[in-house]
Amino acid sequence: MPFSFDSRVQEGILHIALTGDLLGDADSSAVLRLAESHISTGTLMCAVDLSAVRFLNSSGLSVLIGLLTRFRNAGGELLLVSPSPELRKLLVITRLEAIFSVAESPSAAEQQLRTLTA
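The number in the numbering used here is simply the position in the sequence shown, starting from 1, with 23 added.
Hints should not be assumed to be uniformly reliable.
Claimed, not checked - What follows is a set of in silico ranges between Cβ atoms, one per label pair, in the way DEER data are often shown:
1. ARG137 / PRO25: 32 to 42 Å
2. ALA121 / ASN96: 10 to 20 Å
3. ARG137 / MET24: 16 to 26 Å
What the hints contain is simulated information worked out from the structure, not anything from laboratory work. Treat the numbers as computed from the prediction; the structure is a model and nothing was measured. We treat Cβ as the ideally placed atom computed from N, Cα and C, and that holds for glycine.
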């Protein structure tokens, strides 16, 4: 399934919804550029919705790590939203569950990110 993404900023939080297979290709690097442009304008909180991601390889994990690094280096935070059981298992196997925060829904992510900025 081809990769695509959609984004919006709501109340100071960048919401990125990923769809398809996240394989770390040229299309997914556009997500990193999008994040950088929002960080440069002061949007430091991000929720990445993974509910429609079907497959994720090591390069796709690198994209997520790159997003997390960019936001944290800027003093912000990133949450993964609604990862499938398979993606959660991958986070555990790779021990990345220790560095990524996960929210069960977009509204839960917004709530968590707002408490960080309060």
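A quick look at each hint next to the structure:
1. Look at ARG137 against PRO25: about 33 Å separates their beta carbons, and that is inside 32 to 42 Å.
2. The hint said 10 to 20 Å for the Cβ distance between ALA121 and ASN96, and at roughly 18 Å that hint holds.
3. Against the hinted window of 16 to 26 Å, the Cβ-Cβ separation of ARG137 and MET24 comes to about 33 Å, which falls outside the hint.
When each numbered hint is compared with the structure, a violation occurs for hint 3 only.
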